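Trainee: Each chain is listed here by its residues.
2 protein chains.
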Amino acid sequence: MNFIRNILNSRSERNGNFFIQIKNIIGHKPNTISYYEKAFTHRSMNIRDAQGIPFNYERLEFVGDAMLSAVIASHLFNEAPQGDEGYLTKMRSKIVSREHLNELGKDLNLIDLVETKIPKVNFGNNIHGNLFEALVGAIYLDKGYKSCQRFIFDTVIIPHVDIEQLEGKVISYKSLLIEWCQKEKKTFDYQVYDDTGNDELRHFSVKLSINNKIIAKARATSKKKAEEKASKRAFFVFQNKISRAF
Amino acid sequence: MNFIRNILNSRSERNGNFFIQIKNIIGHKPNTISYYEKAFTHRSMNIRDAQGIPFNYERLEFVGDAMLSAVIASHLFNEAPQGDEGYLTKMRSKIVSREHLNELGKDLNLIDLVETKIPKVNFGNNIHGNLFEALVGAIYLDKGYKSCQRFIFDTVIIPHVDIEQLEGKVISYKSLLIEWCQKEKKTFDYQVYDDTGNDELRHFSVKLSINNKIIAKARATSKKKAEEKASKRAFFVFQNKISRAF
Numbered sequence: 001m002n003f004i005r006n007i008l009n010s011r012s013e014r015n016g017n018f019f020i021q022i023k024n025i026i027g028h029k030p031n032t033i034s035y036y037e038k039a040f041t042h043r044s045m046n047i048r049d050a051q052g053i054p055f056n057y058e059r060l061e062f063v064g065d066a067m068l069s070a071v072i073a074s075h076l077f078n079e080a081p082q083g084d085e086g087y088l089t090k091m092r093s094k095i096v097s098r099e100h101l102n103e104l105g106k107d108l109n110l111i112d113l114v115e116t117k118i119p120k121v122n123f124g125n126n127i128h129g130n131l132f133e134a135l136v137g138a139i140y141l142d143k144g145y146k147s148c149q150r151f152i153f154d155t156v157i158i159p160h161v162d163i164e165q166l167e168g169k170v171i172s173y174k175s176l177l178i179e180w181c182q183k184e185k186k187t188f189d190y191q192v193y194d195d196t197g198n199d200e201l202r203h204f205s206v207k208l209s210i211n212n213k214i215i216a217k218a219r220a221t222s223k224k225k226a227e228e229k230a231s232k233r234a235f236f237v238f239q240n241k242i243s244r245a246f
Numbered sequence: 247m248n249f250i251r252n253i254l255n256s257r258s259e260r261n262g263n264f265f266i267q268i269k270n271i272i273g274h275k276p277n278t279i280s281y282y283e284k285a286f287t288h289r290s291m292n293i294r295d296a297q298g299i300p301f302n303y304e305r306l307e308f309v310g311d312a313m314l315s316a317v318i319a320s321h322l323f324n325e326a327p328q329g330d331e332g333y334l335t336k337m338r339s340k341i342v343s344r345e346h347l348n349e350l351g352k353d354l355n356l357i358d359l360v361e362t363k364i365p366k367v368n369f370g371n372n373i374h375g376n377l378f379e380a381l382v383g384a385i386y387l388d389k390g391y392k393s394c395q396r397f398i399f400d401t402v403i404i405p406h407v408d409i410e411q412l413e414g415k416v417i418s419y420k421s422l423l424i425e426w427c428q429k430e431k432k433t434f435d436y437q438v439y440d441d442t443g444n445d446e447l448r449h450f451s452v453k454l455s456i457n458n459k460i461i462a463k464a465r466a467t468s469k470k471k472a473e474e475k476a477s478k479r480a481f482f483v484f485q486n487k488i489s490r491a492f
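Sequences listed follow chains A and B, in order. 1 is the number of the first residue of the first sequence in this note's numbering; add one for each residue after it. 247 is the number of the first residue of the second sequence in this note's numbering; add one for each residue after it.
A hint or two may mislead.
Capping the alpha-carbon separation at 30 Å, the derived lysine-lysine pairs in BS3-like fashion look like this [claimed, not checked]: (1) K146/A to K269/B; (2) K146/A to K392/B; (3) K146/A to K340/B; (4) K94/A to K392/B; (5) K429/B to K453/B; (6) K146/A to K336/B; (7) K213/A to K174/A; (8) K94/A to K463/B; (9) K389/B to K29/A; (10) K392/B to K23/A; (11) K143/A to K389/B; (12) K269/B to K352/B; (13) K143/A to K392/B; (14) K143/A to K336/B; (15) K143/A to K340/B.
Here's a subset of chain A near chain B, in silico, CB distances under 8 Å, partners left out [claimed, not checked]: (16) E61; (17) Q82; (18) K90; (19) V96.
Hints were generated in silico from the structure; no laboratory data involved. These numbers were taken from a predicted model, which means no experiment stands behind them. Ideal placement from N, C-alpha and C gives every residue a C-beta, glycine not left out.
All chains should be modelled from the sequences, with the hints used to inform the complete structure.
Mentor: Right under this line is the structure:
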């Protein structure tokens, strides 16, 4: 138990390693670091707070899930004015699907931050999405709705939510991007390399450059997926220009 | 269509009847009245806005439902620190149950404000809850999260959410209140009268006085329910005093 306290104490230090990692992920200094400590403590640590309440991320997931639903609901309300209630509900389910949340948690490497007594390789895939939800919950409780909304915009909505693609209208961002580059006489380059690291599954990273400048990076379990992901991100960087071009 | 425009135009007037009714319900002046016009327009009016988008409350329900879930999630997170995710989910479902939302909408008489071509007596019971959700959505879009949260606190959480009762620990607020009055040597009086009005179902209203001062009013389909509802409201008025007494 002392050992556990020491881990937590070392995480609580302002300007300590954990504090800076959280700051980098959320883009702002945390106010109350203990919310994030909780968001990255697995139940296997078996910690309780001073009131005897279990100290782990599970209840924060509940808050994060609710905030994701609320922020995305109001976004869809504005962005899909033609869609009825059924359409809005369907679109939201796609965005907050378990698979998508897992991908978001993985992209942010949240698993690196977890304190656990279970070896991390033994976790299933859902740990990534659960940590992402818990992080969203922690941001809401620590910094309020507006900051939480901004985080969801930056990590979920801007890079990942595209109503056209959710509706199946855009099949491939890669082909859309290449078409645009050719039209605008820009050079493009997809640099793909094996980046399996400690993962059990084989992973690939890709750097997409346009006119010799790196525009987007992505990582996925296949070359094709990584290229598509990077293209999608680049697409959003250039969104206004591209939509004017077509 | 001109007829409809006239109705809507008359509703848009600042300091008009509709504006004041909304102000009384939400406790603040609306900024953009059109959100509330939308929240109280039934699809049978068959109105479209300048962009050709259907102008009725259905899409606002989606936003309101999401906001209710989010606000209540964070409230339960704080108020039920011992409850795990499953418990929090179950408690929230009870609070935002269709039946409860219908009751909330009915209490605020929201149906009086609806523009519809279908006779109001033909609506089912769910219209009340749907209008309540749409109103919550309109408040969020008009005035932001904090105001929406405050409205949900004032109308849902403070008068209606009691974790003890949701858990089935408190069976009757009436007996709790009577016990407290007797202990504190206060007089109490439940004045019940038939108040069916235009309802198809028989309704009862009750005024609960303590020491000859009216403390709470309520209306329900049976005397017993109306008394219990008024007792619950009174209980919350005196909450601190009562919990200290027991």
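Trainee: Evaluate each hint against the coordinates.
Mentor: Verification of the supplied hints:
1. In summary, the hint linking K146/A to K269/B is supported, as the alpha carbons are separated by about 25 Å, within the 30 Å threshold.
2. Using a Cα cut-off of 30 Å, the hinted pair K146/A and K392/B holds, with the two alpha carbons roughly 10 Å apart.
3. Proposed proximity of K146/A and K340/B is supported: the alpha carbons are some 28 Å apart, at most 30 Å.
4. Straight-line distance between C-alpha atoms of K94/A and K392/B comes to about 28 Å, which keeps the hinted pair within the 30 Å bound.
5. Restraint check for K429/B and K453/B: satisfied, since their Cα atoms lie roughly 21 Å apart, inside the 30 Å limit.
6. As the CA atoms of K146/A and K336/B are separated by approximately 27 Å, the hinted pair is consistent with the 30 Å bound.
7. A C-alpha spacing of about 17 Å is found between K213/A and K174/A, which places the hinted pair at or below 30 Å, so the restraint holds.
8. Annotation: proposed proximity of K94/A to K463/B is violated, straight-line Cα distance about 45 Å (limit 30 Å).
9. Between K389/B and K29/A, the direct Cα distance comes to roughly 27 Å. Compliance with the 30 Å bound is thereby established for this hinted pair.
10. A C-alpha spacing of about 25 Å is found between K392/B and K23/A, which places the hinted pair at or below 30 Å, so the restraint holds.
11. Of the supplied pair hints, the one linking K143/A and K389/B holds, its CA atoms being roughly 19 Å apart against a limit of 30 Å.
12. Taking the CA atoms of K269/B and K352/B, the gap is near 18 Å; set against the 30 Å cutoff, the hint holds.
13. For the hint pairing K143/A with K392/B, the CA-to-CA distance comes to about 13 Å; that is within 30 Å, so the pair holds.
14. Simply put, K143/A and K336/B have alpha-carbon atoms about 26 Å apart, close enough for the 30 Å limit, and the pair holds.
15. Restraint check: the Cα-Cα separation between K143/A and K340/B comes to about 28 Å, which is no more than 30 Å; the hinted pair holds.
16. Taken as an interface hint, E61/A checks out: its beta carbon lies about 6 Å from the nearest beta carbon of chain B, inside 8 Å.
17. Satisfaction of the interface hint for Q82/A is found here, the shortest Cβ-Cβ separation to chain B being roughly 6 Å, below the 8 Å cut-off.
18. Here the hint on K90/A is broken, as its CB sits about 11 Å from the closest CB of chain B, past 8 Å.
19. Because the closest C-beta pair between V96/A and chain B is about 11 Å apart, greater than 8 Å, the hint is violated.
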